[in-house]
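K.L.:
One line per chain: the protein sequences are A and B, in this order.
Counting in our numbering, the first sequence runs from 358 upward without gaps.
Counting in our numbering, the second sequence runs from 7 upward without gaps.
Hints in this document: simulated from the structure, not taken from any laboratory.
One should not assume that every hint holds.
Claimed, not checked - Label pairs and their in silico Cβ distance ranges: (1) B:Gly507 to A:Ile582: 52 to 60 angstroms; (2) A:Leu395 to B:Asn82: 35 to 43 angstroms; (3) B:His225 to A:Ile774: 38 to 46 angstroms; (4) A:Ile774 to B:Gln74: 40 to 48 angstroms; (5) B:Phe119 to A:Arg585: 54 to 62 angstroms; (6) B:His95 to A:Leu395: 34 to 42 angstroms; (7) A:Ile384 to B:Phe22: 15 to 23 angstroms; (8) B:Met378 to A:Pro625: 31 to 39 angstroms; (9) A:Ile384 to B:Asn82: 31 to 39 angstroms; (10) A:Phe710 to B:Gly246: 56 to 64 angstroms.
Said to hold, decoys possible - In silico SDA-like links for lysine to any residue, alpha-carbon gap of 20 angstroms or less: (11) A:Lys720 to B:Ser357; (12) B:Lys356 to A:Pro386; (13) B:Lys36 to B:Pro10; (14) A:Lys664 to B:Ala332; (15) B:Lys356 to A:Asn661.
For glycine and all other residues, C-beta sits at the position ideal for the given N, C-alpha and C.
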Amino acid sequence: MEEKSPEVSSSAEPQPSVARRISWGEIGPRLVPVLAVLTAVLFGGLFMVFSGTDWAGARAAFASDGLGGFVRELGPGIGKAGVAYAAMVEGATGLGYIDPSSVRAQTTVVVLLRLGERAIVFLPGNLVATVVRSTPFVLAGLAVAVGFKAGLFNIGAEGQLYAGALLAVWIGFVPALADLPGILHIPLAVAGGILGGAIWGAIAGFLKARTGAHEVINTIMLNHIAIRLADWLIKSRTPIILLDTTASVPRTPFIAASAEYPRLGDTPLHFGILISLGAVALVWWFLYRTTLGFELRTVGANPNAAKYAGMSVTRNLVLAMAVSGGLAGLAGAGEVLGVQHNLPPGFFAGVGFDSIAIALLAKTNPIAMIPAAFLWGGLLNGAGLMQIRADISIDLVKIIQALIVMFVAADQIVRVIWRIRARRQEEEVIFSRGWGR
Amino acid sequence: MEQPPVLEARGITKRFPGVVANDHIDFTLKKGQIHCMLGENGAGKTTLMNIIYGLYQPDAGEIRVNGQPATIHSANDAIGLGIGMVHQHFMLIPELTVTENIILGNEVTVGPFLNRKKAAAQIRELSDRFGLQVDPLARVGDLPVGSRQRVEIVKALFRKADILILDEPTAVLTPQEAEDLFEVMHSLVEQGVSIVFITHKLKEVLAVADEITVLRDGHVAGVVQPKEATEASLASLMVGREVLLRVKKEASEPGDPVLSVRDLRVMDDRDHLVVDGVSLEVRSGEILGVAGVQGNGQTELVEALTGLRPVLGGQAFIDGHETTLATPRQVTELGVAHIPEDREQDGLVKSFPIVDNLLLNVYYQLTYARRMVIDDAQAANYARDVIEKFDVRTPSIYATAGTLSGGNKQKMIVAREFSRPIKLLIAAQPTRGLDVGSIEFIHQQLVAIRAHGVAVLLASAELDEIMSLSDRIAVMFRGQIIDTLPAAGASREQLGLLMAGVHAQAA
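Model the full assembly from the supplied sequences, consistent with the hints where possible.
P.N.:
Set out below in structure tokens:
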């Protein structure tokens, strides 16, 4: 490993333009997640340019007019990429450059700047939709991040979402509780959601603490169990367990109105958004201010030192998985109580898996979970409009998302592209250190 | 006409961001010489050698080999010029045999096939010629550390090196193995090899050097002849001020026993009985040194006493409380400080700021709201007090512990452990790998708390450390304490024999 090539070592030397280089060296590492997103967007754009170009025409133009002709033929593809990303931004944030009269009548449009026939407009509905969509990602991302902080790779957020949602929806619709006032019913349903996720998470933590069984494998398998268990509980007709027999599609009954999160006017903005923001603050406070959080982070950063300092590693593993699962359960409950008001089978469809990507994107920092989740929700929300406007497959969004995660989680790629020096050892965020231990 | 020096460096300068690691260093190695490169950690020794070995490019300066200017861009260039280097951390593949390791990249072949037999014969011939006992057919993973080092040397010789750079070769060796290495070095030199020997241990320098270059903060602090040098003069050159090599301490006034251990038995991770019936007693105000070659059960003894390792049999009492089955927290709360053997692994959390590292044992005390919430302001004040009192050099208490130098890391650990009311200190290898200045500091601290009536159990593989600090010395061999003797009358030879398992009466 001492065999450094001369090129590498010489590029690491300070050059005459010391000031600029050093500042890049300091800022660069912090910008890695941003650069990862940017790089992924660039790659996605290239992909669109390729898919939007008439290659037969380009070949002909190259033959007749040389390189200039070829580049001219790329024009439509570049235009298409531009239209696609503009639509993506519009769908995600509501900021668009369109003809205001083309919008459907019932949609609110705020014209910011009129430029001839078109205008820079703001469509609040799109932003609201993105915020609502991002809400569960904040909580589930926090869940995965808490696991990482304790050195655990919790792949089980998906299962924990279901566990939480199941308990929350049951508390929400069970007739015995239907007469409760909202001030009791909502907290009860929320507590159920947290408890369901916490128990599901704690199982994996307990197995690891007791037997050393690896949490990655346990949580993956607990996902399968939770997803299929939810399916069965919801769909089963003999006996009928959670199924609403009056409905035309399999789902649970609707929860009582008293269990629904309050909404802001007649918008889809619901109380769960505040819960998510509160959870960010609470998780940060828990991790960095409380003794339990201190123990949890110590166990994650150096289990040997934790043992030496008299902390119980096993207890902290169970605690971390319970807290992690509880947050995921809270996310599941929020979608039921705030958005759907019932639980169909297969409802979460990967929210828990996406949250792993979000936790990585936020570098496990609780506060960074907000922009990371918003970006994720925005990509998902903008994809539909992008598909309509530029006739681009929604799969492309998934590709961009995959590229973002790849560039963030395996950030060596971005570091090479953007010439950012390897971080010093002590700055390392602990991802996946549970592997092989 | 005088022969040109085999290796000459002129005005070598190398900058890294924020530091000048080598500042116009001149260095001359004459043929057949053992030239010691002495300096503290971070003085620039390894940087200079990496430049000579082609791993770094200098920013300025010139290297000459046998009088000819040499451009060395890679280790391959260096090897081509006859320069071989044995790194502190060996570059061997444990799964392969000695022969396979040595011929890697320099294969002896018959057509497309390896000729292992011929290679093995060549290696045997080389190792016989230089008195390096190496079995060419042994698997490297099965060899003890001393032998692996010889394999590295043979590897360099096999590549026809006549200039050999040994980077801190004795750091991983027992005193006996180090003696063997010195003999090998002498036999190499007799046959025309020239050696650069990098170290920070003064005794070794005086024992083997033909000439000594002392580096300090990237400069050459002096080039001296061993005849004109003493340990004290070298140490002050190295550190830049007078250094106390032998700690001054008052006669001990031992009080009541604080730690008593009876017939303790402990297993290691592979379920071998490595502490086999140890009984000992440490009284307040005395230092009991536990001497012994590494791997004779000292590590497990310390871990068992501090609650980190389960005890198989026997009993331990601390301050009158039975602690045989106590948890680390219970042991700590009885007033026990522990300087762990592996400070990087056990003693600190590298990714945490210094303030959090200082809180590791007291985080649940500097709190409010029923011990649930850490009191930040109180913690920061505590940390600032402590690092000032123990002179931990850091720009801020919020710098991560990983950025500290080795000496400062250990100071931080000592600061943490000594800032609580303690009755017993269990220190394992407290100065391993540290520079002279830090060793001096740690030793003074140990003597100081002894004067405060703390009982100290000091486990160390450094015989000098044991002899200069201890009031009584217990020698551990194969899991047993084979003798305990007062430090005052003990001689190096006597202790060396005990460490090798030879009991005085029996011998």
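K.L.:
Take the hints in turn and mark each one as holding or not.
P.N.:
Hint by hint, here is what the structure shows:
1. B:Gly507 to A:Ile582: 52 to 60 angstroms: 58 angstroms, holds
2. A:Leu395 to B:Asn82: 35 to 43 angstroms: Between A:Leu395 and B:Asn82, where Cβ atoms are some 39 angstroms apart, the hint holds.
3. B:His225 to A:Ile774: 38 to 46 angstroms: This hint holds: roughly 40 angstroms between Cβ atoms.
4. A:Ile774 to B:Gln74: 40 to 48 angstroms: Since the Cβ atoms of A:Ile774 and B:Gln74 sit about 42 angstroms apart, the hinted range of 40 to 48 angstroms holds.
5. B:Phe119 to A:Arg585: 54 to 62 angstroms: 57 angstroms, holds
6. B:His95 to A:Leu395: 34 to 42 angstroms: 39 angstroms, holds
7. A:Ile384 to B:Phe22: 15 to 23 angstroms: 20 angstroms, holds
8. B:Met378 to A:Pro625: 31 to 39 angstroms: The hinted range 31 to 39 angstroms holds for B:Met378 and A:Pro625, with Cβ atoms some 37 angstroms apart.
9. A:Ile384 to B:Asn82: 31 to 39 angstroms: Between A:Ile384 and B:Asn82, where Cβ atoms are some 37 angstroms apart, the hint holds.
10. A:Phe710 to B:Gly246: 56 to 64 angstroms: Between A:Phe710 and B:Gly246, where Cβ atoms are some 59 angstroms apart, the hint holds.
11. A:Lys720 to B:Ser357: Cα-Cα ~14 angstroms, so holds.
12. B:Lys356 to A:Pro386: Status holds; Cα separation ~18 angstroms.
13. B:Lys36 to B:Pro10: Holds, at roughly 8 angstroms.
14. A:Lys664 to B:Ala332: 13 angstroms, holds
15. B:Lys356 to A:Asn661: Holds, because 12 angstroms separates the two Cα atoms, which is no more than 20 angstroms.
The structure fails none of the hints (numbered hints given earlier).
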